[in-house]
Amino acid sequence: MTAKKGKRFLRTFVLIALAGVAAIALASTFGVIRVATPSRASGPITGIGGGGATPPMEALNDDFGLSSARSNCTMCHEVRASRMDIVSATWAQQPVHFNQFGAAYRNVLFQEVAPKYRSLTQRIFAVPLQLKKAAAEWPALRRSDSDEDGYSNELELMFGSMPGRRSSHPARPAAQLERWRKIIVRQLGARQFAPLELVDPRVRRVGPDTDGDRVPDVLEDFVGTDPRRHASVPLVAARRLAVYRQLLLDAGVSAAEIDGQP
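Position 81 of the sequence shown, counting from 1, maps to 393 under the numbering used here, and the rest follow consecutively.
Quick caveat, the hints were computed from the structure, so don't treat them as lab data. Remember, it's a predicted structure, so these values are computed and weren't measured experimentally. Where a beta carbon is used, it is the ideal one built from N, C-alpha and C, also for glycine. Among the hints, erroneous ones may be present.
Computed spacing ranges between beta-carbons, pair by pair [as the list claims (entries may be wrong)]:
| no. | residue 1 | residue 2 | range |
| --- | --- | --- | --- |
| 1 | Ala506 | Glu424 | 20 to 28 angstroms |
| 2 | Phe410 | Lys445 | 38 to 46 angstroms |
| 3 | Gln423 | Arg493 | 20 to 28 angstroms |
| 4 | Phe410 | Leu441 | 30 to 38 angstroms |
| 5 | Asp512 | Ser431 | 42 to 50 angstroms |
| 6 | Gly501 | Ser394 | 39 to 47 angstroms |
Throw the hints in and build the complete structure from the sequences for me.
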């Protein structure tokens with residue numbers, strides 16, 4: 313090696329070493345930044361919730377990550393058997409019939425959040441989506457147990473059952489779900505669910521979906537529905553459930569507890 317090449321090599325080595333020292337110093341000062349590695353889980357891509365056939369459902373579905381394919385007008389309404397589509401059948405009943413949760417949501421919306429729309433015909437459609445979401449997030453509505461089945465409206469909406477139908481409630485005990493809810497809220501902090509659903513690779517694929525209902529088996533075990541029966545499926549979209557489950561795991565809740573039989 314010539315003297316000139318030797319000097320060039322030495323200079324390059326010194327620069328690389330200094331860069332390494334600087335990186336270690338920055339990591340020590342600001343904390344190590346962990347970059348999430350892509351999930352190696354197999355199975356289908358988990359579906360994202362939100363949206364809906366009608367504006368009222370869009371507000372609830374967006375807020376709780378519900379599947380627009382499974383969460384519809386029956387969330388708030390008692391609807392008689394009909395050959396019409398669900399939206400038409402709901403409005404064909406005059407007066408429109410509300411279940412207990414639907415009546416509570418309606419009262420919060422038009423008495424507390426958006427009273428100026430109260431006298432309009434089919435008034436629910438005129439209320440801006442942001443106000444409907446404000447009603448869906450109303451603390452007293454979330455804490456209430458509209459159908460008196462032992463589960464708060466918030467627990468039912470989070471874990472995939474209908475808060476206005478007493479025969480529909482989560483399979484797991486209310487006390488366990490309430491403990492999980494508090495952990496999820498604490499882990500979430502000031503963050504929003506939507507970005508986590510999009511950027512965390514660990515919730516994109518979480519395993520096989522035996523019954524093909526678009527909710528992978530591990531997530532059905534999580535909420536207590538039957539992963540081998542297509543008709544047994546939570547109203548919450550798989551991606552939101554995957555985020556809940558991952559937040560619990562990150563908090564140190566064991567996989568055995570999360571995925572065990574209810």
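Going down the list of hints, with the structure as the test:
1. Ala506 <-> Glu424: 20 to 28 angstroms: This hint holds: roughly 25 angstroms between Cβ atoms.
2. Phe410 <-> Lys445: 38 to 46 angstroms: Hint violated: Cβ distance 19 angstroms, outside 38 to 46 angstroms.
3. Gln423 <-> Arg493: 20 to 28 angstroms: 27 angstroms, holds
4. Phe410 <-> Leu441: 30 to 38 angstroms: For Leu441 against Phe410, whose Cβ atoms are near 20 angstroms apart, the range 30 to 38 angstroms is violated.
5. Asp512 <-> Ser431: 42 to 50 angstroms: 45 angstroms, holds
6. Gly501 <-> Ser394: 39 to 47 angstroms: 45 angstroms, holds
This entry does not satisfy hints 2 and 4, going by the numbered hints stated previously.
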